[in-house]
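Asker: Chains A and B are the protein sequences, given in the same order.
Residue numbering for the first sequence is 0 to 287, as defined by numbering that gives the first Met the number 0.
Residue numbering for the second sequence is 0 to 355, as defined by numbering that gives the first Met the number 0.
Check each hint, because a few of them may be wrong.
As the list claims (entries may be wrong) - Per label pair, the in silico range of CB-to-CB distance: (1) 108(B) x 276(A): 26 to 36 angstroms; (2) 16(B) x 110(A): 27 to 37 angstroms; (3) 85(A) x 39(B): 48 to 58 angstroms; (4) 115(A) x 17(B): 28 to 38 angstroms; (5) 103(A) x 175(B): 51 to 61 angstroms; (6) 265(A) x 167(B): 51 to 61 angstroms.
In case anyone wonders, no lab produced these hints; they're calculated from the structure.
Built from N, CA and C at the ideal position, the CB exists for glycine as well.
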Amino acid sequence: MKKTARRKKDKAWTMAVPLYLFTIVFVVIPLIYIVVLSFLQKDVLWGVTNQFTLNNYAKMFDPVYGKTFLDSLKLAFATTLITTLMGYPFGYFMARLAPNRRNFVMLLVVVPFWTNALVRIYGWMILLRTKGVLNQALLALGIVDEPIKILYTYGAVLIGMVYSLLPFMILPVYSSVEKMDWSLVEAARDLGAGRIKAFFTVTLKLTLPGVLSGFVLVFVPSIGLFFLADLLGGGKIMLVGNLIKNQLLQARDWPFGAALSVVLMLMTFLIIFLYRKLTHSKDLEGFF
Amino acid sequence: MSENILELCHISKQFSGTEVLKDISLEIRKGEFITFLGSSGCGKTTTLRIIAGLETPDTGKVLLNGKDVTDEEPNKRDVNTIFQNYALFPHMNVFNNVAYSLKLRRVPKPEIKKRVLELLELVQLAGFEKRMPNELSGGQKQRVAIARAVINNPSVLLLDEPLGALDLQLRRQMQQELKKLQKQLGITFLYITHDQEEAINMSDRIVVMNDGQFEQVGTPAEVYDHPKTSFVAKFVGTANLFEGTVKELNGEQAVIDLGGETAVAHTGGHAFQPGQKAVFCVKSENMTVREEPSEHFNLKATVVENSYVGGMIRIVFQRPNGEQVISTKHGIHANVDAGQAVYLCWKPEAAVFVDL
Chain A
0 MKKTARRKKD KAWTMAVPLY LFTIVFVVIP LIYIVVLSFL QKDVLWGVTN QFTLNNYAKM
60 FDPVYGKTFL DSLKLAFATT LITTLMGYPF GYFMARLAPN RRNFVMLLVV VPFWTNALVR
120 IYGWMILLRT KGVLNQALLA LGIVDEPIKI LYTYGAVLIG MVYSLLPFMI LPVYSSVEKM
180 DWSLVEAARD LGAGRIKAFF TVTLKLTLPG VLSGFVLVFV PSIGLFFLAD LLGGGKIMLV
240 GNLIKNQLLQ ARDWPFGAAL SVVLMLMTFL IIFLYRKLTH SKDLEGFF
Chain B
0 MSENILELCH ISKQFSGTEV LKDISLEIRK GEFITFLGSS GCGKTTTLRI IAGLETPDTG
60 KVLLNGKDVT DEEPNKRDVN TIFQNYALFP HMNVFNNVAY SLKLRRVPKP EIKKRVLELL
120 ELVQLAGFEK RMPNELSGGQ KQRVAIARAV INNPSVLLLD EPLGALDLQL RRQMQQELKK
180 LQKQLGITFL YITHDQEEAI NMSDRIVVMN DGQFEQVGTP AEVYDHPKTS FVAKFVGTAN
240 LFEGTVKELN GEQAVIDLGG ETAVAHTGGH AFQPGQKAVF CVKSENMTVR EEPSEHFNLK
300 ATVVENSYVG GMIRIVFQRP NGEQVISTKH GIHANVDAGQ AVYLCWKPEA AVFVDL
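One chain only, chain B, in its complex shape (with noise of 0.2 angstroms):
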């Protein structure tokens, strides 16, 4: 018997010819909070509703507790779902949404009233039970679709981007509430989202996906820090990538040529050989500014713009081959203005090669 609650070996589908998903696999431990990440339209969706059983894989098996559900009916098996529209039966009161399925497997009638006023005053709903709900605001919706995917306990909790129809200050507190929930009830989680900073914040491991393939599977400094492909570079916080070809090789660093121009960059463990064409990001926070070049090395660039974001000035400037380079710092000022010719250059370490 694994540790693991949910396993995905070698799943693909197709819609009408199109391949949704490509030979996925993936092991998930119990009470884990794990996160599929990618923009819309990058199969996480499918993933998530052949675990429910909503879809059935072309290939590959679900297994769950170590059994194979794959070609289980959806409500035979211990997982639930919260839907992205909350997808609330509008014709039954909070009670009875709440009550939906302890109702159908026959549980008595005063355990269920115990359990759902319990499960509601968890989720800060207490004294709405009769309330309908066409009567209820966006986060208390959530709250409801929370409370009926959970009350029967499931082995893996699915959640659909639950936050994403909800206004910025309600999703930052809904996701500290889900956090705690989830520690509290000891449930696995399984959550998708297209917000990167969503994601950070919630999950013990993030899956990060793109055109129906796993890019990267880590844990959120893991995935932030040390991207393994551009595409999970860029997806998560803004990286500017640079192509070049290893010049020398100097211990851990490595020179690049980058057409001209020579940069340093941290190796991380890859065996270059010089000649060889490497790629590497660098994350706009760890993009140094200068006004006077440095004695390690230097980019040309000139200020494109700068805006001030909040908290923070972000400033967009353009190598002399047209590349665009992103620099951002904390702080109201830039102290650059457009136009202006600057160097640009990172410590080593800052700079992260990505798989070709």
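Okay, chain A solo, but in the shape it has when bound (with noise of 0.2 angstroms):
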């Protein structure tokens, strides 16, 4: 009995043999190489030396490279923030309207997936502009006297990012505000809480899942959108995307640039494994 039993599981085992190869030719050898390249010395052009080395990391704690990161962070959390902020409410409202309106306002969600993310970004290039739609609507409107400065400035890169990845927070708070046992906010109603105090109490702390994932898939991409940065920001702004783009593109400092990658990889498994943390804790009463 035992032995067939494992010999059954020895063959769903070989099921997955494409899957495991895919992920070794794909995913594993390259970061590897990327890991080994990080640790080598750069040679003149494209070219790379045997020769180990530790500065590739060293260099990375010079305060110009210091500050690349550190903005990097703050726009992240920045976008991340924002998103929340306005991605939360749109999420709940949206998962409690009646299904047909449902369907309607989660394709108006979805559409702009439909266009290449970079002709979207040049549509925001021209909404803000000096000369921009933007501009002039507020100048007829006679909120401003001039034309304000929105393009090439750090404002317009966090509206970029805010734009792009206002999506990947709005429909994991979508799905689990659906999800939602409503009969739980109407317990806690009925124990004594008003509607606020029952939706902080109940209804965010249920679908709070739903917001940490959000938070990661906001948070992580963010921090590598090198083109919005290039484009709205009118490479003035430097993001650890940019940065690692730049040394692989114009620097020719693969080592470098693999280096970079890898704290970057380091910093957002740091990020994946504090919201694995979060979700699998047990009693989140007292988060919060």
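With the hints as a guide, dock the two chains, each given alone in a separate frame, to form the complex.
Answerer: Below is the structure:
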């Protein structure tokens, strides 16, 4: 009996072999390559010498690069905060709509994905230009006397980030609110909680997993979205993503680019690790 | 100031054009155990939700302790609910679930602790404070829900089919415990169930509901033995309904023509005239089966089937006009076989007239 069961298990394992092969070839090996590369020395042009060095990591302690990391983190936190503040109410009310309206709003959220992200950012550039639609509207309404500079500022990059990543907050919040057992809110109301108190003690805590996965889905890509900073920031705003891109394509310093990538990856792992720790803790009472 | 803790005055409610409650009124006394009995969709849960403040009636008023609370928010009402699915907060442990309403009212921590532990002891869950709801069995969840709902000493406790998800044995045990708890705490219980046995076992009064209306309000004995309507007769216990014309009256007894055959029934205070149409019911346990005709009256019938239903025999008959009649009796032998022709009769008192 036991033997046949084990044999069956073995067979099941073989079914996954193509998947393992795929992962090894396209994920594990490139990853190892990047890690190895990050410990090697740069040679002329795109070349690399086989000499071990920690210089690539030591270089990062230069305040210039430190500032880049800090700026990236700040922008990522700001993006995450704003998308949460906007995305939670959006996802919440979307989940509470009647099903037919809900599908319509869902369509509105998803439609932007049908167009290339780069094209949409060019759209924003047209909107935010000094003589762009937004400024003309502000002038016409008399809110400002002369066009304000929005494009090629930190604010423009933030707008672009929030715009691009908002759906990744809305959708997980929506799905967690949609799964809510509303009798729990009724129970809270019945036990003496006002609407707001019931929201904070029950609804928010039970939809927190959605918010947390939104955090991860927004925070992680927001560190690396380099083309946003290039286009909307006019190349003046340097993020980790831009730095890596520049090392690889312009400075031709692959080992340093690889080292930066490894650090970025470690930061991402840390975020995901914290996320898993939070969502797997049993009792959310006392959290927040 | 009336003795009524809760009054429902002419309450109606519609959901998207469908009338769910049709002008219902009821007075509930302090300390009473009152049960709303009805099949699903009869409006009993809506009634409860209106009392809890989770729905607003279209017309009518809810008076709690003599005060109009119709438009009061649920959190402002001195009423607590035990929900059908328990609705325990899954992110809080047992202690925090029970303490929830006390925390909201900012009761000092030591007092919260004392009261929660006392109550958990009362519902036999001492030592379970740290457990999460998903680590509890159905019966334990039920007890937590009870403790959470009574910790505030509400004027009225609303129970929405609280035992529906439990197995029969546990249900019986919880019935006893709830009844005991109600006596101990002196709280008015408003209980909802579709299980007539549960209603009869536990209640001081039963409200039989059908199609958004109250069919009958009375003690379990009144509802069981003297159903007012054919719905109540059929819903509470197993009853056989007979429709016929009053043929003659002999004092308290009426002879009814059932289309060729005659039967005798007690008028029970009804003032009948010969020729009048009448409906009466005979509970299955009061149906007597004979192989030989008796001297009073006899209804001819054929045995369709008999089955043993645990301590009882249930026999189904068919009358010549096609109507089915059910009889139940204690024992394990039916003494009649399928296809056999028999005579049915009953004591005149066993027949109760119901509204047409």
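Asker: Decide, hint by hint, whether the structure agrees.
Answerer: To see whether the hints hold, each was checked on the structure:
1. 108(B) x 276(A): 26 to 36 angstroms: For residue 108(B) and residue 276(A) the Cβ distance comes to about 28 angstroms; the hint holds.
2. 16(B) x 110(A): 27 to 37 angstroms: holds (35 angstroms)
3. 85(A) x 39(B): 48 to 58 angstroms: violated (42 angstroms)
4. 115(A) x 17(B): 28 to 38 angstroms: Given about 50 angstroms between the Cβ atoms, the range is violated.
5. 103(A) x 175(B): 51 to 61 angstroms: holds (53 angstroms)
6. 265(A) x 167(B): 51 to 61 angstroms: holds (58 angstroms)
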